[in-house]
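Enquirer: Letter by letter, the chains look like this.
There are 2 protein chains.
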Amino acid sequence: MALDETRFAASCLAELSSVLQKKSIILGCDIDRVASYWDVAPTRALALLMPNNTSEVSEVMRICHKYKQPVVTQGGKTNCVQSANSNPEEIILSTEKLNQIESIDIVNAVASVEAGVVLQTLQKACLEKDMLFPLDLGSRGSCTIGGNVSTNAGGISVLRYGMMRDLVLGLEAVLSDGTIVSSMNQMLKNNSAYDVKQLFIGSEGTLGVVTRAVVKLVPKPLSCQTVLIGVVNFSDVIEILNETRRRLAGILSAFEVMWGPYFQAVTEDGGHSSPISRGHGYYVLLEAEGSDPERDDQLFQKLLEQLYLRGAIEDAVVAQSEADRIGLWQIREDFGVILEDTPVFLYDVSLPISSMEEYVDLTIKAVKEKWSLSEVYALGHIADGNIHFFVRPNAGPATFSLHQTCDALMYKALKKYHGSISAEHGIGIEKKQWLSQSRSETEISVMKALKHTLDPEKLLNPGRVFD
Amino acid sequence: MALDETRFAASCLAELSSVLQKKSIILGCDIDRVASYWDVAPTRALALLMPNNTSEVSEVMRICHKYKQPVVTQGGKTNCVQSANSNPEEIILSTEKLNQIESIDIVNAVASVEAGVVLQTLQKACLEKDMLFPLDLGSRGSCTIGGNVSTNAGGISVLRYGMMRDLVLGLEAVLSDGTIVSSMNQMLKNNSAYDVKQLFIGSEGTLGVVTRAVVKLVPKPLSCQTVLIGVVNFSDVIEILNETRRRLAGILSAFEVMWGPYFQAVTEDGGHSSPISRGHGYYVLLEAEGSDPERDDQLFQKLLEQLYLRGAIEDAVVAQSEADRIGLWQIREDFGVILEDTPVFLYDVSLPISSMEEYVDLTIKAVKEKWSLSEVYALGHIADGNIHFFVRPNAGPATFSLHQTCDALMYKALKKYHGSISAEHGIGIEKKQWLSQSRSETEISVMKALKHTLDPEKLLNPGRVFD
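Each protein sequence line maps, in turn, to chains Y and L.
Residue 1 is where the first sequence starts when you use my numbering, and the numbers rise one by one after that.
Residue 1 is where the second sequence starts when you use my numbering, and the numbers rise one by one after that.
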């Protein structure tokens, strides 16, 4: 940073000190935390600000706007695409003190929360009132509602309850100049002109800082059935999907698929114990949440029997207790063992279900052709059109060039199927160079026009999503 | 229209004639149809254009943009707030020839359709393939998919399946300068940068002309239970709602409530025959769609018995056949008898469920105090927070001033509850003067900035939503 810039930044920080409490400002040299869940390097930033409420967020943005100071908003720092990783010239606006659950309203089935509330905290508070906040994902213990909004989080219950966008009824956000846009609607329906909140959902903090949200709740389910199924072919997966979609209509809440190599890798010695044999082609983890434990259990058993008789199921294990259920989900969610030998590159694509088998086969083939020792692990929320990949090239250290080559192998094959380079993780910094693989020039022009309209100075999460 | 303007319009029309077939252009003087479902006055417009495909829509907009010619897009002309009523200086762009269902894909559970496809046509085509397109509303026989997108249509199944916004996966729209923005995504998940399609959904044709859409389908339900319930108090309605939300979680698909006076009015001599006594305080029309006819029927009966024993239900009739079911729904949907003696003003508000009883009581009181002979009929999708009203002041002819006075009575009481002046009908021309009752100045500023970004010349549905 040149001297003039330093002075300018110092003035900005001085002015910020006048509107925030002392303990809400940590200067860059004193910031003591890692960059993110995925990057243990130390955080680098001009300063870390922790405003206490929307009005303080507005003041922060007003001052930063005056000084043309770039700001990156951080929630739970679990972002997979470096959307919220700061650089030394940026100020971090952390939502960690915006951590109040303002209300959980049973009759209206809504909760009003501040952006920094951790997802699991909200989930638990709702369950205590016999209500369910149905967004759920692996990072539930760290990620925040504001981050969930900003990335339009998906996760394991999208099939039944939708993405975060479908669960947000109202929103409050602060624009880059400090203007507070408050749309804390509580109703399922509100067509009084444009739905302004949609802009902020999924735009990764580049259009506004989300400060509060009203989210939709549903009654806590009264029953839960979980099964892990081993099948031979992907056509069996499709058959099970079509049949359960129809026969468990309305109550099917998760339909996760693990390709054989993923299942084998996470159940190696030292990994999870496997409740089922390890050599199947695919593993389906299926869950239904209903309202009549006894009847739902019968329905579920009957369906599994029929699928077995039709030959779609090779082997299956039904969870007999909550501990069983947790064990099955850990196989799906805890993939630490795969991450042990780096570099491993993470992908999160979506494409039509009918093209999935072909795409995965093509991709594995292409990666193997490039790097004969490589390993590719696929799993995902198939019914949502979403597959996650872990690719370990086994071809040397994690260089930018290696990552690039791998990206090209994964994304170029995708274009043929009109798929998306990001199903739920977003674009951030990591994927922006690949954006044109799934978005047309016209679409990107419209996006840039929106950014220019709401943040002409490019102060909010600059350089994320696109330049 | 002054002479110069006439010449200018003539040049524009001449140029349009060069890109459209002759039969796709009808000049203003030859247009022979009514203004809309709600207004039988003859259509007035410079011309009526019926392009055959997106590329022709693009050409139309390019030419109109060159001549700064305002365009109003028309679908099924069932709009309740005059969004699509043209004036003599406007060109009508009708989507009636964009009427192809391009595909219905069972494995991926999506349909791709042109904007002018009538909702019921799509519903029927999906049912033939054992799939359900779950949007449903009274005007299903006339309204179009494009109109459903533009108004973010709601209707009777929102509780289970969401508004149109929740059912649109992909979209194609033409901007005011003719640019085609095509985002025909087929996946439930796609977070590759901003979700541009959200802009066009619910913006009533003011940001772009919707030409095609990819919509979400679900398997056709295998069972259906319908019941009409008479209850004494609104607290019974709430109890039934809470209990059915929990006990029929996932399969409850409609929860309609008719206030006593509405039910009595539509079942007067010459109206619908009533399958239940006519003097109850409220009538609940409840429907569940499941996947196991026998079991679902038992579940439904058991629930009704429990509610009866608890005293929440005064009387009830369960549909025993499809004919019964249609009969029950006609009471809810066919309110022609109420419209017979004009003027009747139509309202469509939303507010938190817990405030509904108070708001309706206050409103009826206020209207009665103003016009002692007035009649107020309320009904709605309560679980969605949505109430429709028909208000007949019985105070002389339908003057602008009478309508205004009535609007003021309805909307001013709403502000207290942070309700919306439009739950699902939109703003159009009719409600724009009341927009600030449910939207802040800041929200409206953001909306206007979006309009300016995408349609700076104000050519698309000008004067609708806001000026």
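Derived by calculation from the structure, the hints in this document are not laboratory data.
Hints should not be assumed to be uniformly reliable.
Subject to a maximum C-alpha distance of 27 angstroms in a straight line, what follows is the list of computed DSS-like cross-link-like pairs (lysine-lysine) [what the hints assert, rightly or not]:
no., chain 1, residue 1, chain 2, residue 2
1, Y, Lys-451, L, Lys-448
2, L, Lys-22, Y, Lys-216
3, Y, Lys-23, Y, Lys-66
4, L, Lys-23, L, Lys-97
5, L, Lys-216, Y, Lys-216
6, L, Lys-68, L, Lys-458
7, Y, Lys-416, Y, Lys-458
8, Y, Lys-451, L, Lys-97
9, Y, Lys-68, Y, Lys-416
10, L, Lys-451, Y, Lys-448
11, L, Lys-124, L, Lys-68
12, Y, Lys-216, L, Lys-370
13, Y, Lys-448, L, Lys-302
14, L, Lys-124, Y, Lys-448
15, Y, Lys-448, L, Lys-458
16, Y, Lys-129, L, Lys-368
17, L, Lys-448, Y, Lys-68
18, Y, Lys-66, L, Lys-458
19, L, Lys-368, L, Lys-302
20, L, Lys-302, L, Lys-370
21, Y, Lys-97, Y, Lys-216
22, Y, Lys-302, L, Lys-23
23, L, Lys-458, L, Lys-416
24, Y, Lys-220, L, Lys-302
25, Y, Lys-302, L, Lys-415
26, L, Lys-124, L, Lys-220
27, Y, Lys-302, Y, Lys-370
28, L, Lys-415, Y, Lys-216
29, Y, Lys-302, Y, Lys-365
30, L, Lys-415, Y, Lys-220
A few chain L residues that face chain Y, going by a derived Cβ cut-off under 10 angstroms, partial list only [as the list claims (entries may be wrong)]:
no., residue
31, Cys-29
32, Lys-431
33, Gln-433
34, Gly-463
So the derived label-pair ranges between C-beta atoms look like this [unchecked claim]:
no., chain 1, residue 1, chain 2, residue 2, range
35, L, Gln-404, Y, Ser-436, 24 to 30 angstroms
36, Y, Gly-279, L, Pro-275, 32 to 38 angstroms
37, L, Cys-29, Y, Thr-453, 36 to 42 angstroms
38, Y, Lys-220, L, Phe-400, 46 to 52 angstroms
39, L, Gln-330, Y, Ala-449, 43 to 49 angstroms
40, L, Glu-358, Y, Lys-416, 55 to 61 angstroms
Glycine residues also receive a C-beta, built at the ideal position from the N, C-alpha and C atoms.
Enquirer: Now look at each hint and say whether the structure bears it out.
Expert: Verification of the hints:
1. Lys-451(Y) / Lys-448(L): Roughly 15 angstroms between the alpha carbons, so the hint for Lys-451(Y) and Lys-448(L) holds.
2. Lys-22(L) / Lys-216(Y): Distance of about 51 angstroms is beyond 27 angstroms: violated.
3. Lys-23(Y) / Lys-66(Y): holds, 23 angstroms
4. Lys-23(L) / Lys-97(L): Given pair Lys-23(L), Lys-97(L) holds - Cα atoms ~11 angstroms apart, limit 27 angstroms.
5. Lys-216(L) / Lys-216(Y): holds, 21 angstroms
6. Lys-68(L) / Lys-458(L): holds, 9 angstroms
7. Lys-416(Y) / Lys-458(Y): Status violated; Cα separation ~33 angstroms.
8. Lys-451(Y) / Lys-97(L): violated, 35 angstroms
9. Lys-68(Y) / Lys-416(Y): Given pair Lys-68(Y), Lys-416(Y) is violated - Cα atoms ~42 angstroms apart, limit 27 angstroms.
10. Lys-451(L) / Lys-448(Y): At roughly 15 angstroms apart (the allowed maximum being 27 angstroms), Lys-448(Y) and Lys-451(L) satisfy the hint.
11. Lys-124(L) / Lys-68(L): Judged against 27 angstroms, a Cα distance of about 40 angstroms means the pair is violated.
12. Lys-216(Y) / Lys-370(L): violated, 38 angstroms
13. Lys-448(Y) / Lys-302(L): This hinted pair is violated, its Cα atoms lying about 56 angstroms apart.
14. Lys-124(L) / Lys-448(Y): Violated, at about 40 angstroms.
15. Lys-448(Y) / Lys-458(L): Measuring from Cα to Cα gives roughly 20 angstroms; hence the hint holds.
16. Lys-129(Y) / Lys-368(L): violated, 40 angstroms
17. Lys-448(L) / Lys-68(Y): With Cα atoms ~25 angstroms apart, Lys-448(L) and Lys-68(Y) stay inside 27 angstroms; holds.
18. Lys-66(Y) / Lys-458(L): violated, 32 angstroms
19. Lys-368(L) / Lys-302(L): violated, 41 angstroms
20. Lys-302(L) / Lys-370(L): violated, 46 angstroms
21. Lys-97(Y) / Lys-216(Y): holds, 23 angstroms
22. Lys-302(Y) / Lys-23(L): violated, 58 angstroms
23. Lys-458(L) / Lys-416(L): violated, 33 angstroms
24. Lys-220(Y) / Lys-302(L): Given that 27 angstroms is the threshold and the Cα spacing comes to 20 angstroms, the pair holds.
25. Lys-302(Y) / Lys-415(L): Roughly 52 angstroms separates the two Cα atoms, so the pair is violated.
26. Lys-124(L) / Lys-220(L): The given pair, whose Cα atoms are some 11 angstroms apart, holds under the 27 angstroms limit.
27. Lys-302(Y) / Lys-370(Y): Distance of about 46 angstroms is beyond 27 angstroms: violated.
28. Lys-415(L) / Lys-216(Y): Answer holds: Lys-415(L) to Lys-216(Y) is near 22 angstroms, not above 27 angstroms.
29. Lys-302(Y) / Lys-365(Y): It is violated: about 39 angstroms lies between the C-alpha atoms, which goes past 27 angstroms.
30. Lys-415(L) / Lys-220(Y): Not OK: Lys-415(L) and Lys-220(Y) at ~32 angstroms, beyond 27 angstroms, violated.
31. Cys-29: At about 35 angstroms, which exceeds the 10 angstroms cut-off, the nearest Cβ of chain Y leaves the hint on Cys-29(L) violated.
32. Lys-431: holds, 8 angstroms
33. Gln-433: This hint is violated: Gln-433(L) lies away from chain Y, its Cβ roughly 12 angstroms from the closest one there, beyond 10 angstroms.
34. Gly-463: With Cβ-Cβ at 13 angstroms, over 10 angstroms, it is violated.
35. Gln-404(L) / Ser-436(Y): 24 to 30 angstroms: violated, 51 angstroms
36. Gly-279(Y) / Pro-275(L): 32 to 38 angstroms: violated, 60 angstroms
37. Cys-29(L) / Thr-453(Y): 36 to 42 angstroms: Holds, since Cys-29(L) and Thr-453(Y) (Cβ atoms, about 41 angstroms apart) stay within the stated range.
38. Lys-220(Y) / Phe-400(L): 46 to 52 angstroms: Given about 50 angstroms between the Cβ atoms, the range holds.
39. Gln-330(L) / Ala-449(Y): 43 to 49 angstroms: holds, 47 angstroms
40. Glu-358(L) / Lys-416(Y): 55 to 61 angstroms: holds, 57 angstroms
When held up to the earlier numbered hints, the structure conflicts with 2, 7, 8, 9, 11, 12, 13, 14, 16, 18, 19, 20, 22, 23, 25, 27, 29, 30, 31, 33, 34, 35 and 36 and fits the remainder.
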